[in-house]
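Engineer: So you can see what is in the structure, the chains are spelled out below.
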Amino acid sequence: MPSYYLSVLIALPVIFAVLVALIKPNEGAKNVHFYGVGASVIIFLFSALAWNMGALPPYEEYNWLPSLGIKYAVGADGLSLTLVILTTFLLVMAAVASITNITKRVKLYYGLLFLLTTAILGVFLARDMFLFFLFYELELIPMYLLIAIWGGPRKDYAAIKFVLYTLFGSVFMLAAILALYFNALNNGAPLEGAFLFENIRAYIPALTMGSQILIFLGLFVAFAVKLPVVPVHTWLPDAHVEAPTPVSMLLAGILLKMGAYGMFRFCWEFMPDAAFTLAPWIAVLAVINIVYTAGVALVQKDLKKLIAYSSVSHMGFVLLGLAAMNPAGFNGAVFVMFAHGIVSAALFMCVGTLYVRTHTRQLADYGGFGSQVPTIFYFFMFMSMASLGLPLLISFASETLVFYGAFTSEFFNHLFVLPGGLNFYWNMQIATVLSAIGIIIGAAYLLWMLQRVFFGPLPEKWNRLPDASLSEVFVLASLAALVIVYGFHPQLITRHFEPDVTRVAQHYLETYPQQGVAEVSPSQTPASPIDTAMIRPAAKELVTHE
Amino acid sequence: MSNGITTMTQGFLDAIAQSGFGQFANEQNLLMLAPEFVILVTLIVGLFQIFSRSEESQREVWRTALLGSLFSFLMMVGLFCISHIDQSTGMLYAHPVNLPVFHMGDTTYAMFRADLFSTLIRLAILLGTFLTILFSRRYLEMRSAIPGEFYVLMLGATLGALLISGANDLIMVFVGLETLGISSFILAGYLRGDLKSTEASLKYLIFGGTSTAVLLFGFSLLYGLAGGHTNFEMIGTALSQLDSTVFNPVVPVMVIMIMAGLAFKISAVPFHMWTPDIYEGAPTPVTAYLSVVSKIGAFALLIRILAVVFGEAPIFQEAGLSGFSMIFAVIAVLSMTLGNVVALRQANIKRMLAYSTIAHVGYILLGLVIMGSAVTPMLFYLLAYLFMNLGAFAVVIHFANITGREDINAYAGLVRKRPFMTLYFSFFLLSLAGIPITAGFFAKFFLFQAVALAGPEFLWLVIIALINSTISLYYYLNVIRLMVVAEPSETVTAMSRKIDIVGVVPVTACVLVCFLGTLLLGIFADPVMSLTHRAVTQLGEEDPYRNVHQMSAAPVRPR
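Respectively, the protein sequence lines represent chains D and L. In this text, residue positions in the first sequence follow my numbering: the first is 839, and each later residue adds one. In this text, residue positions in the second sequence follow my numbering: the first is 6, and each later residue adds one.
So that you can see chain D by itself, here it is in the shape it has in the complex (with noise of 0.2 Å):
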C-alpha cells in the first residue's frame, strides 16, 4: 500500500468535481449522469483497495502549521475503513439513483456530491482533531446546497435549520477540542502534533473529572445533533422529506453516521471516565430516542417522514450499544451503523421511487400499489422486514448484538427512591426491555405502512403506474444482497472493525467494576422521604454479584 495512498482517496473525488465543471455546458444530462456514476464507481474500486492493507493500516503525517502544532495526519483503522467503504459504496448507489432523480443542473449536483465525498471521507480519516473539525465542517456547504436546490417546496427552511443545528453543535465541539488542545500543551506535550489523535487522548487523564465531563458533553451535544438524539433531531425529518431522493440517501446513509463515528471515537474511545460517569444518562436518552421516535413515526401522514423517524429510532441503538459500555455492545452499535446505512439507504430509495411515480407523499394517497408495481413492492417489502428485524437479515444480526450486549452490561445499577415506596432500579436490562418496546412499534409501523400503501383498494388516478426501471432495481437489487449476504454472515463485515472495537472495549472491562444486579435490603433504603429522587451509585455493599 503506497504511504499518500488516503491522500488520493480523499482528493479523488475534488478531481472529479472539478472534472465535472469542464463538461461543456450545453452537455445532455444523459451524459453527465454517465460521467458521475463512472467517477464514483472508480472512487468505489479505488477505496475498495483498502480491504487488502494487510496487517499495517495505512497512515500518513505532514507538518501543517507547526506553529499552533497542527498536522495534515489521516489514517485508517478498521472502524474508519468500514464506514469509507460504507460511504463510497452508498456514493455509488445514489450516483445511480441520480439518474431518475435529478433533472436540472445535473453538472452541479455532481460537483457538490463529490464535494460532500470529500467531506465525509476526510472526517472518517482524519487523524488530526483540528483536521477533523475542518473536515467536520466542510461537510456543510455541499449538503447545504444539495437541499435548498433539489429539494422539496420548504427547502430553504430545510436547508437553513440543517445549517444552523449544525453549527450551533460545531461551536461546542470546537470549544471541547481547544480544551483538549490547551489542556494536552498545559501538561507538557509537545507543541509538534498537539493536535494529534493519540497526543491528545494520552492527556486526558490528566483532567480533573469535573472538566472531564464538561468536556464530554461538548463533543457529545456536537455529535447528537448529528446522529440525531431526541431533542436536537427536529431538523433531520425536515431534511429528509425536502431533500431529493439520492440526498436522503447519503443523508441517512452516511451522514449520520459521522456523528455515531465522532461519537464512539472522541467520546467513548478518549475519555472512558467520563463516558462511564454519563452512561446511565445516555442509557435514559437511547431509550427516549428509540421508543419516542418509533411512536411519532407510527402517526406520520407523510410516507418520508415516517422512514425519516424510523431511522433516527433505529440510531438510538447505537446510542443503547455504547451506553452498554462492553465488547458485545460496541461491536454492535458500530454494526447497527453500517446496516443502518444500507438498510435506510435502501428504504429512502424506496420512497423514492413511488414519489417519482405519483409526485406525492402522503399516505392518505396511496393505496393498491401491490398490483401496480410489484417489482417496487417486492423490495419495499424485503426491506422493512429487514428494517423491523427479520432473522437472517443485516438489522437483525446488528440489533440482537447491541441487545446482547446491552443485556449482559452490569457497570451500573441505580436505585431511585421515589415518595410513596414507589422505588425503581435503573439498569442496562431494564434500559434494554424499554428499547424492545421500541421494535415492536417498528414492525407495527412498518407493516401498517405496507398494508396502507401496498394492499387495499387502488385509487383511479393511479391505474397506469410503470413499474420499476433497470437503474432502481440495480440499486435496490445491491442493497438487498448486501442486507443477505451480511445478515447471513456477519463476520464478513464485523471482523474488519472488530479487533479495533472490542480493545476500547476491554479497557472498560478491565477498568471499572462491574456490579450484579443489585439485591437492595429494606433498611438501605433512605429514610427521609424529602428525598424525591436520589441517585445512588452502585456501592460496594450492593454487590451479589461473584
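The set of hints was computed from the structure by calculation and includes no laboratory data. All figures in this text were calculated on a predicted structure; none of them were measured in a lab. Even for Gly, the Cβ is constructed at its ideal location relative to N, Cα and C. Don't take every hint at face value.
Non-contacting residues of chain L with respect to chain D, defined by C-beta distances greater than 10 Å in every case (computed) [stated by the list, open to error]:
| # | residue |
| --- | --- |
| 1 | Leu36 |
| 2 | Ser59 |
| 3 | Leu200 |
| 4 | Thr235 |
| 5 | Phe329 |
| 6 | Thr342 |
| 7 | Asn353 |
| 8 | Ile442 |
| 9 | Met500 |
| 10 | Lys503 |
Derived coverage of chain D by chain L (criterion: at least 3 residues anywhere in the stretch with Cβ under 8 Å from a Cβ of chain L; other residues may be distant) [as the list claims (entries may be wrong)]:
| # | segment |
| --- | --- |
| 11 | 901–915 |
| 12 | 1142–1153 |
With chain D held as given, fit chain L onto it using these hints.
Structural biologist: Quick look at chain L alone, frame taken from chain D:
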C-alpha cells in the same frame, strides 16, 4: 511542505545576500524609500500626461499608473528580500532601516522606519493599489468619466498610505494622513454627475476634516506633554517618565482625542457614521480602495502609535481589562455587533460590504485590547483581509460593469451564466465569514486564540466575537444562496453568455490573484505567521541606528 518553501526562500535570499546588494541596501538608507519615489515619479509623469490635453494621453495615464505601481511593488519585493537578510547568519531578518532627518545634539532620529512591519504593510498597500488600478479602467470607461486624474489621485492617496505605515514622527503622520485624506475626498466624488457620489465626497470632507482637527489637537497636547518632541520614541520615553501617581487630566484627554481621530480613519463604532454612505456613493473601485488599502495604512499607524508611543506609558501599563483596554474592548464589541446586525438587512451589496468592513474592524480591534501577543494575528488578519475583501469588490465591479446593478437581488442565479465568477465570489464571502481552509478562517482563529490565551477575563470578548461570526455567516451565505440556489433574476437572464475579453482580462487577473492569496494564506498560514511575528517583535525594539547615523557629510557606517 511549508518547511520546503521556507528553505527555498532562504536559498534565494542567500544568493542575493552573497551578490553584495545587501550591504549596499543597508547602508544607503534612502534606497529604502525607493518604492515611494517610484510612486511619486509616476504621479508626476501622469500629471504631465493629463496636461497634454489629448484624449490619447489621458487614456495612457492608466497604463502609466499601472506600470508605476507594479514597478513600485516589485521594487518593494526586491527591497524586502535584500534588506531582510542577516549578513552573518543568512537568516531572514529585518534590519530596521531609518531615514534620519533631523538631529539633536549628536543623536539622529528617524522620521520613517523601514522595518519589517512597515515593509509588510507597504507590500500590502502597493499590491492593493496595483489591483485597484487594474480593475478601475473598465468601470470608469463605462461611466464615461475622465480617466486621467483618477489614477493620479489614487497614486497620491497611496503615497500618503505608504508614509503613514512607517511614520515615526508626528509631522510625518500628519503629512501622510492629509495626503491620503485629501486624495480620498476627491476620489469619493469622482463621478461628478452622480448625486450620491458628490454627497459622499462632501460628507467625507466634513467628517474627515473634523476628525483630522481632533487628531491634530491631540497631537499638540502630546507634543506638549512630551516636552517638545515629535519623534515617536522620544515621546515614548518622555511619557514613560511621567509621574503615574499624580493625576494629569491632560493625558486622558490627549489619548481620547488621538484615538477618536484614528478611530474615524478605521471607521470603528461610534465613529463609523460616514462609512456606509460614502462606500455606497463613491465609485466602486474607490470603495474597494478605501475599505482595504487606506484601512490597512490606518491600522498600521494605530498599531505603531500604541506600541511605540504609548507602549511604555504608565496609563497603558495596567494589567487586564481596565482603563484604555476596556475602551478598546467596548469599541471592538460595538463595531462587530453593529456592523454585523445592520449588514443583515442591507439590499445593496456595497452597503453590505461596508457594514461587513465595520464588523471586521471590530474583530481586528480585539487585538488592540490585548496588544503584545495579539498584534501578530492582527497583522495576519490585515493581510488576509486585503485579499478577501479586494477579491469580493473585484467581482462586484465586474458584475456592475456587465449589468450596471448593485443590489443583492440582481445576483440571483448567477451560477448559470458565470459559474467561475460565482465560485470565486463564494470563496471570498466564505473567507470573510471565516469558514475553514480560507485565509479568513485562520485570521480569525489566530486572533481569537491570542485573545483567549491572554486570560480568562478576555474570554467574553471571544464568545461575543464567535456569536458575531455566526451572525455574519447568515448574510454572506444569503448572497451565495441567491447566486447558486435561486432562480435567475431578470438581470442575470439578460446577461449574454458572450464574454467581453477587454473588460474581463484585468478583472479576472485581479480576482485570480486575490483567490490565490486567500487560498494560499489559508493553506500556508504558518510561514506568513512567523514573518508577521518577527515584524511585530521588531516593532517595540530600540532603534539600533539611533546613535550611529549622523547628518554629516560622511556618515558613519554601522557595524
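Engineer: Now look at each hint and say whether the structure bears it out.
Structural biologist: Hints and how they fare:
| no. | hint | result |
| --- | --- | --- |
| 1 | Leu36 | holds, 32 Å |
| 2 | Ser59 | holds, 44 Å |
| 3 | Leu200 | holds, 37 Å |
| 4 | Thr235 | holds, 38 Å |
| 5 | Phe329 | holds, 28 Å |
| 6 | Thr342 | holds, 17 Å |
| 7 | Asn353 | holds, 22 Å |
| 8 | Ile442 | violated, 6 Å |
| 9 | Met500 | holds, 14 Å |
| 10 | Lys503 | holds, 13 Å |
| 11 | 901–915 | holds (count 6) |
| 12 | 1142–1153 | violated (count 0) |
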